[in-house]
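Protein chains in written order, with numbering that gives the first Met the number 0: chain A, 0 to 208; chain B, 0 to 208; chain C, 0 to 208.
Since the hints were made in silico from the structure, they are not lab data. Mixed in with the good hints there might be a few duds.
[To be verified] Straight-line Cα separation of at most 25 angstroms, BS3-like style, residue types lysine-lysine; simulated pairs:
id: 1; chain 1: C; residue 1: Lys180; chain 2: A; residue 2: Lys180
id: 2; chain 1: C; residue 1: Lys206; chain 2: B; residue 2: Lys16
id: 3; chain 1: C; residue 1: Lys206; chain 2: C; residue 2: Lys136
id: 4; chain 1: C; residue 1: Lys136; chain 2: A; residue 2: Lys136
Note that the structure is a prediction, hence the values are computed from the model and not measured.
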Amino acid sequence: MPLRKSDGPSFFDLLTKQAALLVSAVDLLGSMLGSLPLERVALRDKLHEIEHEADELNHALTKKLNMSFVTPFDREDLGFLAGRLDDCMDYMDEAGDLIVLYGLDDIPEDVATLLAAQINVLVRCADQTATALPGLKSPLDLRDYWVEINRLENEGDKAYRHTLTALFDSSLDPVTIIKLKDVVQVLERGTDAFEDLANGIEAIAVKES
Amino acid sequence: MPLRKSDGPSFFDLLTKQAALLVSAVDLLGSMLGSLPLERVALRDKLHEIEHEADELNHALTKKLNMSFVTPFDREDLGFLAGRLDDCMDYMDEAGDLIVLYGLDDIPEDVATLLAAQINVLVRCADQTATALPGLKSPLDLRDYWVEINRLENEGDKAYRHTLTALFDSSLDPVTIIKLKDVVQVLERGTDAFEDLANGIEAIAVKES
Amino acid sequence: MPLRKSDGPSFFDLLTKQAALLVSAVDLLGSMLGSLPLERVALRDKLHEIEHEADELNHALTKKLNMSFVTPFDREDLGFLAGRLDDCMDYMDEAGDLIVLYGLDDIPEDVATLLAAQINVLVRCADQTATALPGLKSPLDLRDYWVEINRLENEGDKAYRHTLTALFDSSLDPVTIIKLKDVVQVLERGTDAFEDLANGIEAIAVKES
Numbered sequence: 000m001p002l003r004k005s006d007g008p009s010f011f012d013l014l015t016k017q018a019a020l021l022v023s024a025v026d027l028l029g030s031m032l033g034s035l036p037l038e039r040v041a042l043r044d045k046l047h048e049i050e051h052e053a054d055e056l057n058h059a060l061t062k063k064l065n066m067s068f069v070t071p072f073d074r075e076d077l078g079f080l081a082g083r084l085d086d087c088m089d090y091m092d093e094a095g096d097l098i099v100l101y102g103l104d105d106i107p108e109d110v111a112t113l114l115a116a117q118i119n120v121l122v123r124c125a126d127q128t129a130t131a132l133p134g135l136k137s138p139l140d141l142r143d144y145w146v147e148i149n150r151l152e153n154e155g156d157k158a159y160r161h162t163l164t165a166l167f168d169s170s171l172d173p174v175t176i177i178k179l180k181d182v183v184q185v186l187e188r189g190t191d192a193f194e195d196l197a198n199g200i201e202a203i204a205v206k207e208s
Numbered sequence: 000m001p002l003r004k005s006d007g008p009s010f011f012d013l014l015t016k017q018a019a020l021l022v023s024a025v026d027l028l029g030s031m032l033g034s035l036p037l038e039r040v041a042l043r044d045k046l047h048e049i050e051h052e053a054d055e056l057n058h059a060l061t062k063k064l065n066m067s068f069v070t071p072f073d074r075e076d077l078g079f080l081a082g083r084l085d086d087c088m089d090y091m092d093e094a095g096d097l098i099v100l101y102g103l104d105d106i107p108e109d110v111a112t113l114l115a116a117q118i119n120v121l122v123r124c125a126d127q128t129a130t131a132l133p134g135l136k137s138p139l140d141l142r143d144y145w146v147e148i149n150r151l152e153n154e155g156d157k158a159y160r161h162t163l164t165a166l167f168d169s170s171l172d173p174v175t176i177i178k179l180k181d182v183v184q185v186l187e188r189g190t191d192a193f194e195d196l197a198n199g200i201e202a203i204a205v206k207e208s
Numbered sequence: 000m001p002l003r004k005s006d007g008p009s010f011f012d013l014l015t016k017q018a019a020l021l022v023s024a025v026d027l028l029g030s031m032l033g034s035l036p037l038e039r040v041a042l043r044d045k046l047h048e049i050e051h052e053a054d055e056l057n058h059a060l061t062k063k064l065n066m067s068f069v070t071p072f073d074r075e076d077l078g079f080l081a082g083r084l085d086d087c088m089d090y091m092d093e094a095g096d097l098i099v100l101y102g103l104d105d106i107p108e109d110v111a112t113l114l115a116a117q118i119n120v121l122v123r124c125a126d127q128t129a130t131a132l133p134g135l136k137s138p139l140d141l142r143d144y145w146v147e148i149n150r151l152e153n154e155g156d157k158a159y160r161h162t163l164t165a166l167f168d169s170s171l172d173p174v175t176i177i178k179l180k181d182v183v184q185v186l187e188r189g190t191d192a193f194e195d196l197a198n199g200i201e202a203i204a205v206k207e208s
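Please take these sequences and the hints and turn them into a complete structure.
What follows is the structure in structure tokens.
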């Protein structure tokens, strides 16, 4: 039975809420780096809860898509945006998981500083995204946002390369290198996911203009 | 020239056959773990044949999609299901390949037991899927199936984490760890692919209801 | 405002140009293997420029797709082809990046020879693709091309397996193995991307016939 347009939260509300959760998720991820093992497990559990909440929003959006006659943008575009927001969250969740799973307790300070720089890029990506999404109805006005995300992705890419080089130049044992490389790569994929989202919004803006 | 609806196997037949092949594939994969190197190559070759057979079914379905005026579900949904069945098969095939390619002959018993637990999850995923697919015409009736697959995916995720932790805590040499980590991750992706398939069927059920 | 069909380069022109850039990219990648560190950075920078140029073509095609009423093939098929051409380029660019980033200066000769064999497969894939694309208007006539790419992908797969086995059988230190494995896998994914493109063209041919 198709919903009336006014039933429940709008597509824009659902996407905006998904974006807001990304800010909480990346904050938790940042806190994990500097914390003690036990705290870290608690932070990871909280990150899982947020990921779960975002998942529910994503399912609600898919359901609404399938039940609506009229959608504010093309059906597949709305699905694409929700999917990319979901990707961003999944990478943060995965990074938190790996940090706990791998028991990365004694990260050398120079590598930790570089990891923090990568996470800092993610913090700014999430902030930009959460600030931009409430304006999604007029995607052309979000130009500054997608330009800034593309700039951040470049910065993130440089941070990623620096971390990787430092890792390989370190005298860490190979197994620790394997573990840290996994974390570093998941963070990099997270930044890419934010860029994919921004590019998707740009493409919608072009199409709607 | 568009086919008449009655020409050749139906979409449901093709998908059901693809699912049945997954049961054979994962059985072969399970046999590979406990077998001697030479037997293992023979089992891998058989696994390749099955993968090839599944590929033909997938191609036949794509061709039929392109040539049919009327399809029982949305065109892209049928393509999605065939593609996910193909992913499941590809991951099993890749796991078999890696086991032969990497010459993993002396897997320590505790790691082997954990790998077997991961494969056991895949066995049950394949069984559930092959049992469910003949009922695809009424996707809403497959609720038990998709709930069970989501439960199995959680179980598989735990098995994956246990194996990974055991691997990193082992005193295996780093190169062996790299190899086994590849196998463990491909098995985990296989479980995820079964979940993607089940979620796709759930989404169709919601849409058709 | 929708463009008239005659405005700017055609869809076929844009795809053909993307394919031509792949030939230049893989040539640069091949030159990187045998060159000194400093030359290598210069070659990588040139590869980046070409990747950027291809990106612009891809964006132009997306924009044109969004602004055209009439498209020579289904809209999503044209988008798919441009996306796969983009994937081919991205993998070559990533391979070049890794070679510089990882400072792979002393690759043992047997491994270097095997890497060169992998790149040689990519050279032939790019050549075949660039030769075929100008004939895309009549995709059924491109049968020889897609058969040959599938053959090359098999050859590439064998080269990939040989390189990986040689790598693991070498007495290289684990960290160097990790680095080289990354390069070898990106090259393999590049070959797969060429196959995905060829299979996409085959599917269009079947559909249009």
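Looking back at the hints listed earlier, which ones does the structure fail to meet? Violated: hint 4 alone.
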